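J.: Here is how the chains run, residue by residue.
Protein chains: 2
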Amino acid sequence: MPQLRIALAQVNATVGDLDGNASLIASWTERAADAGAHLVVFPEMVLTGYPVEDLALRKSFAAASRSALSALAARLDAAGHGSVAAVVSYLDLDEVGPRDAVAVLYGGRVTATQFKHHLPNYGVFDERRLFKPGQTLDIVRLHGLEVGMVICEDIWQEGGPIAALGAAGVDLVVSPNASPYERNKDDVREPLVARRAEEAGAPLVYVNMIGGQDDLVFDGDSMVVSPSGELLTRLPQFVEHLTVMDLDLPGGASTSSGDFGGFAVRRVTLTSDALAPYEALVTPSPAEPLSEPEEIWRALKVGLGDYVRKNGFTSVVLGLSGGIDSAVCAALAVDALGAENVHGVSMPSVYSSSHSRSDAADLASRTGLHYQVQAIEDMVAVFVGQLGLTGLAEENVQARCRGMTLMGLSNQYGHLVLATGNKTELAVGYSTIYGDAVGGFAPIKDVPKTLVWELARWRNELAAVRGETPPIPENSISKPPSAELRPGQLDADSLPDYDLLDRVLDDYVEGDRGYEDLMAAGFAPELIDKVLRMVDRAEYKRRQYPPGTKITFKAFGRDRRLPMTNAWREGK
Amino acid sequence: MPQLRIALAQVNATVGDLDGNASLIASWTERAADAGAHLVVFPEMVLTGYPVEDLALRKSFAAASRSALSALAARLDAAGHGSVAAVVSYLDLDEVGPRDAVAVLYGGRVTATQFKHHLPNYGVFDERRLFKPGQTLDIVRLHGLEVGMVICEDIWQEGGPIAALGAAGVDLVVSPNASPYERNKDDVREPLVARRAEEAGAPLVYVNMIGGQDDLVFDGDSMVVSPSGELLTRLPQFVEHLTVMDLDLPGGASTSSGDFGGFAVRRVTLTSDALAPYEALVTPSPAEPLSEPEEIWRALKVGLGDYVRKNGFTSVVLGLSGGIDSAVCAALAVDALGAENVHGVSMPSVYSSSHSRSDAADLASRTGLHYQVQAIEDMVAVFVGQLGLTGLAEENVQARCRGMTLMGLSNQYGHLVLATGNKTELAVGYSTIYGDAVGGFAPIKDVPKTLVWELARWRNELAAVRGETPPIPENSISKPPSAELRPGQLDADSLPDYDLLDRVLDDYVEGDRGYEDLMAAGFAPELIDKVLRMVDRAEYKRRQYPPGTKITFKAFGRDRRLPMTNAWREGK
Chain A
1 MPQLRIALAQ VNATVGDLDG NASLIASWTE RAADAGAHLV VFPEMVLTGY PVEDLALRKS
61 FAAASRSALS ALAARLDAAG HGSVAAVVSY LDLDEVGPRD AVAVLYGGRV TATQFKHHLP
121 NYGVFDERRL FKPGQTLDIV RLHGLEVGMV ICEDIWQEGG PIAALGAAGV DLVVSPNASP
181 YERNKDDVRE PLVARRAEEA GAPLVYVNMI GGQDDLVFDG DSMVVSPSGE LLTRLPQFVE
241 HLTVMDLDLP GGASTSSGDF GGFAVRRVTL TSDALAPYEA LVTPSPAEPL SEPEEIWRAL
301 KVGLGDYVRK NGFTSVVLGL SGGIDSAVCA ALAVDALGAE NVHGVSMPSV YSSSHSRSDA
361 ADLASRTGLH YQVQAIEDMV AVFVGQLGLT GLAEENVQAR CRGMTLMGLS NQYGHLVLAT
421 GNKTELAVGY STIYGDAVGG FAPIKDVPKT LVWELARWRN ELAAVRGETP PIPENSISKP
481 PSAELRPGQL DADSLPDYDL LDRVLDDYVE GDRGYEDLMA AGFAPELIDK VLRMVDRAEY
541 KRRQYPPGTK ITFKAFGRDR RLPMTNAWRE GK
Chain B
1 MPQLRIALAQ VNATVGDLDG NASLIASWTE RAADAGAHLV VFPEMVLTGY PVEDLALRKS
61 FAAASRSALS ALAARLDAAG HGSVAAVVSY LDLDEVGPRD AVAVLYGGRV TATQFKHHLP
121 NYGVFDERRL FKPGQTLDIV RLHGLEVGMV ICEDIWQEGG PIAALGAAGV DLVVSPNASP
181 YERNKDDVRE PLVARRAEEA GAPLVYVNMI GGQDDLVFDG DSMVVSPSGE LLTRLPQFVE
241 HLTVMDLDLP GGASTSSGDF GGFAVRRVTL TSDALAPYEA LVTPSPAEPL SEPEEIWRAL
301 KVGLGDYVRK NGFTSVVLGL SGGIDSAVCA ALAVDALGAE NVHGVSMPSV YSSSHSRSDA
361 ADLASRTGLH YQVQAIEDMV AVFVGQLGLT GLAEENVQAR CRGMTLMGLS NQYGHLVLAT
421 GNKTELAVGY STIYGDAVGG FAPIKDVPKT LVWELARWRN ELAAVRGETP PIPENSISKP
481 PSAELRPGQL DADSLPDYDL LDRVLDDYVE GDRGYEDLMA AGFAPELIDK VLRMVDRAEY
541 KRRQYPPGTK ITFKAFGRDR RLPMTNAWRE GK
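Residue numbers (the working numbering), protein chains in the order written: chain A, 1 to 572; chain B, 1 to 572.
These are computed hints drawn from the structure, not numbers from a lab.
Because the structure is a prediction, the values reported are computed rather than measured.
Errors might be hidden in some of the hints.
Copies of one chain are not kept apart here, so a pair can be met inside one copy or by any two copies together.
Derived pair list, reagent style DSS-like, types lysine-lysine, alpha-carbon separation capped at 30 Å [said to hold, decoys possible]:
no.: 1; residue 1: K132; residue 2: K554
no.: 2; residue 1: K59; residue 2: K530
no.: 3; residue 1: K59; residue 2: K541
no.: 4; residue 1: K479; residue 2: K530
no.: 5; residue 1: K132; residue 2: K479
no.: 6; residue 1: K59; residue 2: K479
Taking the hints into account, I'd like the entire structure generated from these sequences.
T.: Written as structure tokens, this is what we have:
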């Protein structure tokens, strides 16, 4: 059977960095060429980074993307890799409008181009705002084999381009993707890719990007699936990775062109000579899947690390309360950036327990991060005394003096401030705006409280398995949570039990369920009332909260767009 | 000729308040009935408020909207107004998905329903995320006249429903709208409505909502235009208003149904008896157009006032620096809420000039707002001393002590905090996050600095014309702007001249122009470099900024969605 050596280049591009991304593509194409690959496939919009959001509408950026693509084709050829067909996705602009596009670079030229057809406009996606859909398909002939292309969402929808390729005839389909990580999403991808390979009647090469971009993180999880649904290989998640693989292809696909299901199919011949069969096929086995907590931990680590690095920071500062949230954020930061780049600050008040300081100090000594204590007593006293603040106003001043302290250290020393709030707090508004909500990035913003505990336990167990010191003090995991803004305060005084609360929130926030559904799920009416009112009233706080890595089906932010001024109350 | 008395009900609905909005519709229908109207037209999604954003996707809310519509039909009939055809727009949900819908309530029933066809997905709009497009048109026969309907965007696009109504045959077209205010947009609306009336071959009754909703404000500007393009009447902007008008209609439109240009046209007969001609026609003359500064001032006043009231606040607190921005915000707040509900705080530091205090006090005495002085010296001293802050870190602490002071007063006394930054500052990041950026609402967030001055002068002139005390001290208008965070500091030390800066920003932010276009416009390369870098780097600050009323073509926020992590630099 005809053979082809393909390379999947699962890389980490940076939004807007056309020069850097072009160099990235050149260097990975070189690695693929050195390994003897005839075809190398990069993720969706690898040349511009993804998502570019409204940069897609800026004509100067689209023009620069087109120029960068042509220059890259010439550069690959000049480096001696012109005979490796490089599948490079980029931003295009024609008379119809901006396009999410893919091109095949070969022999120093842009030889084939097509545009994404299905434009997702749900969840975090705004692609019908940004792009015009494509209706053409370019199939390239490479060493006598017919190679078709589809971009990302085009494989998530029934029919469309995949069915057209199947009808027109292809030996292989390649698909550049920018599919953001979500808990459990990898379980959905493989059967989906398998279904599409079957529809196309050809193996499908799925290449997804990795890396963090503001509130999104991409996990890779690239793969090759046979038309019978067999997983031929799979790449590890959350790391840049090149997999080179030999495919045995039957060949002999029809080479007809013209209209197929509304798509104008064009054939582009790169090279018609079939390759001599290899003696030994390179067939890398699939990467081991990660456990769920490890997968989430890596998502958070990459999301945080990339936000810091891609925005030109090298270090972070965060408050250490001795509680579980700040401990997990600190452990993540140490994993992402190294202990020498993490600065923890204990900021006790008159209401702070002795363990709040000792647990913070314990965390510091376990992880080796930089540690200092800044008591906020004197700061608080001036505000409370001068302004005559009492009750909640006095509580909030404590949180805000901590926020100001962190911002002061940030401005003085150039560290990025991390906000340590979790998704549960953010949902019910259990945080102080301009206080503990202060930060450039919020690593566990999309992690429900019960999952924060689970991750802490998992991370400590991992350390134990590796013979390392568990980073998180046991006491931070086991003690009852408290904001310590007044004497003897516990979260449980104001909030339902976290196990119960997270279940209600999962139904209301992620499931978008109404009052009757929640009643049917068995929650008490008073509980539903209380939780929903807290969630609805906190929308204004969420709007001013820092970005943080999305790991759930529905994160606060672009995923869930609700009005602040909103009189609707479920169950009224 | 057959006649019909129509009523345009330009009302202020509240998002999510189904009960309140139903009562609003009932009370205005009663007013229309009392004036002898046969048809009353309300704005787009008047029953739910607009925009509902992702509430459109919540099934419980859509079900409640449908129920509220039926209940409203019965209520209108029970009140004796069942013979007034009420055109009420609402959120519907069918097996296809959520719909931006309009219904005719008549005789206690929902007699006709259709769905918006063109779904805007640009600028501030996300309607392809939220709704499925309609392909049916219901034309009602009212007193022997054929009345068609089109919703908002359906009149902004060529062809489509309007052309289908024209081809099917109508005597009158009514159009519920939720068209957000933008500077100069009213100049576009009238010729547009005229073109559509001509396409339909019938008078067009355009009814737009008024009122503020988060960062949007609706200006009304409802009107009736004849098929020959003549403006028959026009309602005043930014106020709730009922206009009742007698239309002389030729009648005799075709009553054919079936497919017209892809739309399934259905005819619904309410009543076939023609009305006896009136002896004297009620033909109210168009409202006088507002001057540009007055129009903008009213937009800002309504936007601010509605955010405060619809969110359950009665009073606001803001810092008074003696400068122009805080003076204009204070004057707006006094106009919107009354001086007794506005609390101004002068917060001098060791770097504050004497005029910063005297100008703030002068503003307070001119407007009658509550005034207090809270020196920040002691607060700043603790942070600077304890943390060893210098330079920019020390400057920022001053701004943040002011922010904390305002938040403390807000928490203690229940006032909403206003952030006083303007669009120019927000564009170039000339503000301190968690400092002067603190607030629940930012009234002049979308007002460029040069326009802030223009509005101040206009407001003072208006006062003079009315024989009132001009609210804004002349010195606040004429003195050179300064943040006063270090000795002798002036804005001009860090920023280009504001006239020039606002022109660059207008091209770059509103026009989305690139480097070459800016060069072609005659700006110096160093100026372009400096301004664009400041704008690009401040994206993270804008993400955490409070909402404020959109008045320009492109406001920061939903109108301009750019990544924070973004290596693209124009002109590189």
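J.: State for each hint whether it applies.
T.: Hint check:
In the homo-oligomer, the alpha carbons of K132 and K554 lie at most 30 Å apart both inside one protomer (26 Å) and across protomers (21 Å), since each shortest distance falls under that limit. Taking the shortest alpha-carbon separations for K59 and K530, only the inter-copy value of 21 Å comes in at or below 30 Å, while the best intra-copy value is 49 Å. Taking identical chains as interchangeable, the C-alpha atoms of K59 and K541 lie at most 30 Å apart only when they sit on different chains, with a minimum of 25 Å there against 35 Å within one chain. Taking CA atoms no more than 30 Å apart as the test, K479 paired with K530 passes inside one copy only; the shortest distance there is 25 Å, against 51 Å between copies.
With identical chains, the CA atoms of K132 and K479 are never at most 30 Å apart, being 54 Å at best within one copy and 50 Å at best between copies. For the identical chains of this complex, K59 and K479 are neighbours neither inside a copy (55 Å) nor across copies (40 Å), given an alpha-carbon limit of 30 Å.
In summary, the structure is inconsistent with hints 5, 6 from the numbered list given earlier, while agreeing with the others.
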